[in-house]
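Participant: Fit chain H to the given chain E structure using the hints.
There are 2 protein chains.
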Amino acid sequence: MWAAGGQRRAGLAAAAALALALALAMALAARRRRPRREVLFFPSRPSCTEALLAEAAGPGAAARPCPCPLPRGDCSLSRLLRHLLSARRSLEICLFAFSSPQLGRAVQLLHRRGVRVRVVADAQYMELRGSQIGLLRHAGIQVRHSQESGYMHHKFAIVDGRMLITGSLNWTTQAIQNNRENVLVVEDAEYVKPFLDEFERIWEEYNPINYTLFSKDSK
Amino acid sequence: MWAAGGQRRAGLAAAAALALALALAMALAARRRRPRREVLFFPSRPSCTEALLAEAAGPGAAARPCPCPLPRGDCSLSRLLRHLLSARRSLEICLFAFSSPQLGRAVQLLHRRGVRVRVVADAQYMELRGSQIGLLRHAGIQVRHSQESGYMHHKFAIVDGRMLITGSLNWTTQAIQNNRENVLVVEDAEYVKPFLDEFERIWEEYNPINYTLFSKDSK
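Protein sequence lines, in the order shown, are assigned to chains E and H. When the first sequence is numbered by my numbering, its final residue is 230 and no position is left out of the sequence of numbers. When the second sequence is numbered by my numbering, its final residue is 230 and no position is left out of the sequence of numbers.
Read the hints as simulated data drawn from the structure, not as lab findings. By construction, the Cβ of each residue, glycine as well, lies at the ideal position given by its N, Cα and C atoms. Don't take every hint at face value.
Unchecked claim - Covered stretches of chain E, as calculated for chain H (at least 3 residues, CB under 8 angstroms):
(1) 50-56
(2) 76-90
(3) 153-161
(4) 181-191
Here chain E stands alone, though its shape is the one from the complex:
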């Protein structure tokens, strides 16, 4: 009888320990799974981003202080730059308008660092003066552009296939410094995955081998 009682007690103790371990593991898993969530609003406070970009470019460049009078603190633009510069493997960009020199430098810097950068642009906007698209192409970055009459009006980027950056903000100085804008930074796969799929769909659709060419003679 004692032995049976002891077995029962041991069984109950094991069940209790198991349940507690389960609860602990669930709590830890819930904590570990917690993805990054951030909202940035614009216009961004005026701020010098030279040190941030120089630091990302290499230790030698970081040594030169910028002589401009702008404050150095954190702002929405610097937060956005930091998220982009965190890329280690890949960067997909799908943008209606891209003319910000700072964001253009960040993208070129990532390309030089060996990050696989792919850019989708709107055909009409990319030809406007001040567009960064020509510079990115010149730097050897893969760019594809829209092929339809509607606008390619997305404004998103995906860092390392895990972080989605999306919102109302076109990457232009006008939008960054003057407009009311928002950018969401999201690591939940439920949002990142559909955007990655959308990027791949558009990337394939805008492949130059799929271009439809019309000549006057073929009318």
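Facilitator: Relative to chain E, chain H alone:
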């Protein structure tokens, strides 16, 4: 000794039951807390939204079938309309461009249903032909507009203070039918709260009592 053994057994059983109940409660809470997450891409598939809007307007109107030849199935526009029409108490809208007649009808319908609707618009866009803003004002809906030189470029709505609808999409027929656009539907408080705060900030800033008026004489 038997009594002590029984107490120990009862104590262990109670601990095991408590731990299991805890694990179950955590699992249920995690399930219950799970917020709605959806991504809509545009252009939206052509689809008739008359039945959806008529159904939301009242049982009498729903009886009349629409004679148009468009398919009735689900599409990005109908999903967006359904999310908006789920409002019971409040709807905040902050939009650069708003000219879609279907979305305009949905907003007016919510206003008539007693939902507290507040709209923030961009001052320059709201005056263009086709804008819904005049119609919303005429229907008695509160509208405020931007007061600065930059664009009020947001494109978001908040339903009942719990659901954020945001993305690249302006609420125009051009954007819905022709552009590459995205809309995120988000119920996570970490995203909804900053957008609610941004709305209240803008709403107060664009309060007509804060207008700065200049006359030629005051130069």
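Participant: Taking 8 angstroms as the Cβ threshold, is the statement that the stretch 50-56 of chain E is covered by chain H upheld or broken by the three-residue rule?
Facilitator: Our answer is that it holds, as 3 residues pass the Cβ test (under 8 angstroms) against chain H, meeting three.
Participant: Would you check chain H against the stretch 153-161 of chain E, counting CB to CB pairs closer than 8 angstroms, and say if three or more residues qualify?
Facilitator: holds (count 4)
Participant: Mind checking, does the stretch 181-191 of chain E have 3 or more residues with a CB under 8 angstroms from chain H?
Facilitator: Coverage by chain H holds for the stretch 181-191 of chain E (6 residues, Cβ < 8 angstroms).
Participant: Apply the coverage criterion to the stretch 76-90 of chain E and chain H: a residue qualifies when its Cβ sits closer than 8 angstroms to a Cβ of the chain, and three qualifying residues are needed.
Facilitator: As far as the stretch 76-90 of chain E goes, the hint is violated, because 0 residues have Cβ atoms under 8 angstroms from chain H.
Against the hints set out earlier in the document, a violation occurs for number 2 only.
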